[in-house]
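Numbered according to our numbering, the sequence shown spans residues 782 to 1066.
Misleading hints may appear alongside valid ones.
Claimed, not checked - Pairs of lysine to any residue, SDA-like flavour, derived with a Cα cap of 20 Å:
(1) Lys821 / Leu811
(2) Lys821 / Val893
(3) Lys848 / Ala794
(4) Lys857 / Leu811
(5) Lys848 / Ala828
(6) Lys807 / Phe823
(7) Lys848 / Leu834
(8) Lys848 / Ser838
(9) Lys857 / Gly867
(10) Lys807 / Val927
(11) Lys848 / Lys821
(12) Lys857 / Ala828
(13) Lys807 / Arg972
(14) Lys821 / Glu888
(15) Lys848 / Arg877
(16) Lys807 / Trp847
(17) Lys807 / Ala794
(18) Lys848 / Pro798
(19) Lys857 / Leu792
(20) Lys848 / Ala806
(21) Lys807 / Lys915
(22) Lys848 / Ser790
(23) Lys807 / Asp967
(24) Lys915 / Val927
(25) Lys807 / Arg789
(26) Lys821 / Val887
(27) Lys848 / Val893
(28) Lys857 / Pro787
Honestly, the hints are just simulated from the structure, not real lab data.
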Amino acid sequence: MTRSLPPRSLLDAGSLPVSAIARIAKREGLRPRPVYQAHKWFARRFAATARSLLAASVTRSRGNFWKAYYGGADCKGLTVLDPFMGGGVMLLEAARLGASVQGVDVEPVACVVADFQGRLWDMPDLAPTLDALKANAGARLAEFYVAQDEDGVDERLLHAFWVQTVACGQCGRRFDAHPTFRFAWDERTDRQWVACQECSRVLEGALSGERLRCPCGSRTAPTSGHWDYGAAVCPICGHSERLIDNAERVGRRASGFSPSRRSRPARSASTRTANGESGARPART
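Input sequences plus hints: build the corresponding full structure.
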């Protein structure tokens, strides 16, 4: 049985509380919904946005948006087609509201991800398997996830930030090629975490701060870095060399990667990282 959309919907009328929806989407960005974390997909749209559009499209123009958003919207009898489905957010949210869904994408991985998300509720409970994996493999790997806090107390390492160490082809200086020194920030608490430009020590300071001072004596501008469009820039002589050229010059083993070695266990507070992902608060030193 099929049904039609209302003659004039909230979406047609443009009567959506855009600012309020944006605030919900921002919170979702900090705490992504687990169902969409099964596989990484770049530029995945927020579920709050997809649900808002769907709820508004099936609600009459004079209807109550929030009542529809929080359970009143009914998409039963409708078919939703997403010809560029990407991470599959629109399809899953439509299915949750009762619609039949069809998705298409030129990227095979997108199809696999979206299909998997649509079958999650039919999967068996994986908790026993995950508990066994944690008890076996987790116990053997635990020693590699130990770090120390400022007082030398062992804590569990949650995030490790890696940076390529480069030897300048002109002056020979070795330095960490940070694309940007600021790797995480929290707008709500006005905090940011920055790698020192000289020693890569993790610094914490006010998000509004233009420079952070390190115990080594260096002052670092958070938004700068030792990187310029794929090329490492020497902080001493200014020599620029593409990282791929550096790898060929010194050999891949010699130009390998090393972690930000002065990082510490992450704390559990919501932040944004420099690659756009959300996660626990990064380590302090």
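Open item on the list: Of all the hints numbered above, which does this structure not satisfy? Sort the numbers upward.
Closed with: 4, 9, 10, 11, 17, 21, 25 and 27
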